[in-house]
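S.K.: Could you put together the complete structure from these sequences and hints?
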Amino acid sequence: MYQILTDSECDLPLETLQSSDVDAIYFHTKIDDKDLVNDLGQSYDINDFYQQIRNGVMPTTTQVNIGEYFEFFKKYVEKQIPIVYVGFSSGLSGSLSSAKQAKEMLLESYPDADIRIIDTLAASGGEGQMVLSAIRLQKSGASLDELVAWFDKNKLRLQQWFTVDDLNYLYHGGRVSRASAALGTLLKVKPILDVDPDGKLRMVSKTRTRKKSLMELAEKIVAAVQSDKNQPIIITTSGDYEAAEFVKGHILSKVADADIQIYPIGMTISSHTGFGCVAVFAMGSELRK
Numbered sequence: 043m044y045q046i047l048t049d050s051e052c053d054l055p056l057e058t059l060q061s062s063d064v065d066a067i068y069f070h071t072k073i074d075d076k077d078l079v080n081d082l083g084q085s086y087d088i089n090d091f092y093q094q095i096r097n098g099v100m101p102t103t104t105q106v107n108i109g110e111y112f113e114f115f116k117k118y119v120e121k122q123i124p125i126v127y128v129g130f131s132s133g134l135s136g137s138l139s140s141a142k143q144a145k146e147m148l149l150e151s152y153p154d155a156d157i158r159i160i161d162t163l164a165a166s167g168g169e170g171q172m173v174l175s176a177i178r179l180q181k182s183g184a185s186l187d188e189l190v191a192w193f194d195k196n197k198l199r200l201q202q203w204f205t206v207d208d209l210n211y212l213y214h215g216g217r218v219s220r221a222s223a224a225l226g227t228l229l230k231v232k233p234i235l236d237v238d239p240d241g242k243l244r245m246v247s248k249t250r251t252r253k254k255s256l257m258e259l260a261e262k263i264v265a266a267v268q269s270d271k272n273q274p275i276i277i278t279t280s281g282d283y284e285a286a287e288f289v290k291g292h293i294l295s296k297v298a299d300a301d302i303q304i305y306p307i308g309m310t311i312s313s314h315t316g317f318g319c320v321a322v323f324a325m326g327s328e329l330r331k
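Numbering (our numbering), first residue to last: 43 to 331.
Any given hint could turn out to be false.
As the list claims (entries may be wrong) - Below are the DSBU-like pairs computed for lysine-lysine, each with C-alpha atoms no more than 35 Å apart in a straight line:
hint : residue 1 : residue 2
1    : Lys254    : Lys72
2    : Lys195    : Lys142
3    : Lys121    : Lys142
4    : Lys248    : Lys195
5    : Lys253    : Lys290
6    : Lys242    : Lys117
7    : Lys116    : Lys76
8    : Lys331    : Lys195
9    : Lys331    : Lys254
10   : Lys195    : Lys254
11   : Lys72     : Lys253
12   : Lys271    : Lys253
13   : Lys116    : Lys242
Bear in mind the hints are in silico, worked out from the structure with no lab data behind them.
Small disclaimer: the values here were computed from a predicted structure and weren't measured.
M.R.: Structure (structure tokens):
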């Protein structure tokens, strides 16, 4: 048997990971030099965090370093347990590079260790979908080689769309220019973004109202799930639960029996989206282009 590992950016509930024996490594966020561990809600109230960013606080984030990954992997390697790390997109963070370096360091001391690292090219509920896929594959009896092969073939089928309510946080995180953020705020532009095949954010379209942006998210997911209407759909939000419920309701109006879960976006990603981000995730029949 092999051990599935992930990180806190999958935005799945802690209970979901624990019930499937999935271990997670935690990212860090800072506010006023105070270090906050994104431990899936064990040591903080995410709604208090949302209120702070809604009030204009700009947190800073740090990626998981090589030493942390080394110790995280080592406890399984020492027990000769094969591991597969289903990680945060390399297009959005250097964390995956640290994981790969930790792997190489461990192989120097444990040359027979079986360590697999999967770049999900996804974030938030998208990474969560990939973790859930790994869990389903493991429970169905898939070998570690079969699991890795499935990801190589299917991970770009994941469709992930989101919108934000405040462009200034995307500017602060280096995702849009100062001019675009200022003009977009002035014109009340609500962007639709996705994650490209390299795991990086890209602007897809712009709308002039919040409601239209939410409707567009819902319609994109409705289109994506037509080939498999029984699959799970994940919606995540940085605090705007009413908007998330609106998107869920519109999806259900088109796909009546859809399995939809709404989860909060963790501190790391919320630090870059600001309050009110809403994102949707499902597997489509076509690869992302």
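S.K.: Now, for every hint given, state plainly whether the structure supports it.
M.R.: Status of the hints after comparison with the structure:
no.: 1; hint: Lys254 x Lys72; result: holds (33 Å)
no.: 2; hint: Lys195 x Lys142; result: holds (21 Å)
no.: 3; hint: Lys121 x Lys142; result: holds (20 Å)
no.: 4; hint: Lys248 x Lys195; result: holds (31 Å)
no.: 5; hint: Lys253 x Lys290; result: holds (13 Å)
no.: 6; hint: Lys242 x Lys117; result: holds (31 Å)
no.: 7; hint: Lys116 x Lys76; result: holds (28 Å)
no.: 8; hint: Lys331 x Lys195; result: holds (14 Å)
no.: 9; hint: Lys331 x Lys254; result: holds (24 Å)
no.: 10; hint: Lys195 x Lys254; result: holds (33 Å)
no.: 11; hint: Lys72 x Lys253; result: holds (32 Å)
no.: 12; hint: Lys271 x Lys253; result: holds (24 Å)
no.: 13; hint: Lys116 x Lys242; result: holds (30 Å)
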